[in-house]
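Enquirer: We have chain A; now place chain B onto it with these hints.
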Amino acid sequence: MGPWFVRAPLLLLSMLGLISGAWLRAPAVWLSLAVLVAVRVFVEWPLPDNHIYLLAYWCLGVAMALRFADPASQLARTSRLLLGLVFAFAVLWKAALSPDYRDGRFFAVTLLTDDRFSDVVQLIGGLTDAQLRENREYLTPLPEGAELLAPPVLHAPPRFRLLVLVATWGTLAIEALAAGLWLAPLTRRLLVARHAVILLFCLTTYAFAPVAGFGWLVIVLALVTCLPDDRLLRALYIATYAMVLLYSEVPWASLALSGLG
Amino acid sequence: MRERSWAALPAVVLAVVAATQIVMTEVQMLSPWKGGGFGMFSTLDERPFRYVRMFVRAPERSEELAVPPSLEDLAASAEILPSDRQLERLARAVVAREHRRGQPADQVRIDVWRVEFAPGSLAPRDHLLRRYEFRAAP
Chain A
1 MGPWFVRAPL LLLSMLGLIS GAWLRAPAVW LSLAVLVAVR VFVEWPLPDN
51 HIYLLAYWCL GVAMALRFAD PASQLARTSR LLLGLVFAFA VLWKAALSPD
101 YRDGRFFAVT LLTDDRFSDV VQLIGGLTDA QLRENREYLT PLPEGAELLA
151 PPVLHAPPRF RLLVLVATWG TLAIEALAAG LWLAPLTRRL LVARHAVILL
201 FCLTTYAFAP VAGFGWLVIV LALVTCLPDD RLLRALYIAT YAMVLLYSEV
251 PWASLALSGL G
Chain B
262 MRERSWAALP AVVLAVVAAT QIVMTEVQML SPWKGGGFGM FSTLDERPFR
312 YVRMFVRAPE RSEELAVPPS LEDLAASAEI LPSDRQLERL ARAVVAREHR
362 RGQPADQVRI DVWRVEFAPG SLAPRDHLLR RYEFRAAP
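Line by line, the protein sequences are chains A and B. Numbering-wise (our numbering), the first sequence opens with residue 1 and increments by one. Numbering-wise (our numbering), the second sequence opens with residue 262 and increments by one.
No wet-lab data here; the hints were simulated from the structure. The structure presented is a predicted model; accordingly, all values stated were derived computationally and were not measured. It cannot be assumed that every hint is accurate.
What the hints assert, rightly or not - Anything over 12 Å on all C-beta distances counts as not near chain B; from chain A, calculated: (1) M1; (2) A22; (3) V39; (4) V41; (5) L75; (6) L82; (7) L139; (8) L149; (9) T187; (10) V211; (11) C226; (12) M243; (13) W252.
To be verified - Part of the chain B face toward chain A, derived, beta carbon under 7 Å: (14) T304; (15) D387; (16) H388.
Stated by the list, open to error - Pair ranges (Cβ atoms, derived): (17) A:A22 / B:R346: 40 to 46 Å; (18) A:R136 / B:A357: 34 to 40 Å; (19) A:L191 / B:E264: 41 to 47 Å; (20) B:R396 / A:E134: 25 to 31 Å.
Think of the CB as a built atom: it goes at the ideal place given N, C-alpha and C, for glycine as much as any other residue.
The shape of chain A in the complex, shown without the other chains (with noise of 0.2 Å):
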């Protein structure tokens, strides 16, 4: 939450909006916010994840909500455009301007590299410990002019490769939907596929993606373009929320791969 100037105001305000309706609902305080997320953006950059950014954003948009007749609806407009937008350049990223993203090098690596992956690697791509090891050997540049005896060599499955394959495309499809979805002028009945495909985005990748403060910032700020007689949708939300704490807090795949070793 940024360096001591930033974090005690904004969990002074936060508090403060949590105990009073009145500071709750006073422009003021959500513009404060907005300015104190800003800051820490500022003063940590260029360190400060692409959420933090997407969290001032949206505090600059409640304090302007609040300043009209209709807080609600001019909230849901403005959680509309930021979600279409997220998702929007998160496709032009992947799709047009990261080649490594496109022929799956990011995924394979990636899976392979980062520690946090390993057990849904193990369980989903079918690697044992000792080829995950074998392969980030592998994976490490030797110093220049260096050659082993011996050197590693790359092992995937197809397993693995069926996994990377479809984290790949599945990711890409699911957010240029997201982005269509959400950026297109739509009929009440694709309302409907609109929170849909954040549900299904929420309960796929945060399973596996170790993002849950992202997440959550995209479920609330769908949460709030809900109609207020959404009442499914809206506990669909909030079970979505609790799910991805879950998925955060508990080692999941560490613990299906224990019961079935």
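Expert: Structure of chain B alone, referenced to chain A:
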């Protein structure tokens, strides 16, 4: 201004920042993962596949330094955005740390490397992104 326009303002800010980030990845080698452009989980052009190597020189001294915990954030910033400003901040901090430890440090060289993986075979290869030389004031 109409209500609808106000509702779009945060999205306009997002789009401007994200477009700027794309330009910065080209012009200043900013990692696509950072900077508000939503390029995370799209490329391997990010830490730990970007890393710095730091070398200190002084009369009768020339050695490579490991990144100490106290300089991790500055090193990470230089890896993510290897601009003159970030590299100078890191170099100055290295000199200050060496002087605090009673070690001479007249010059600092910082190399920012990127590991690239070949399509298909995933064979890794180091590629020098940026070399920065800093001379401490006498």
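Enquirer: Could you work out which of the previously given hints the structure breaks and list their numbers from low to high?
Expert: The structure conflicts with hints 4, 5, 6, 7, 10, 16, 19, 20, although it agrees with all the remaining ones.
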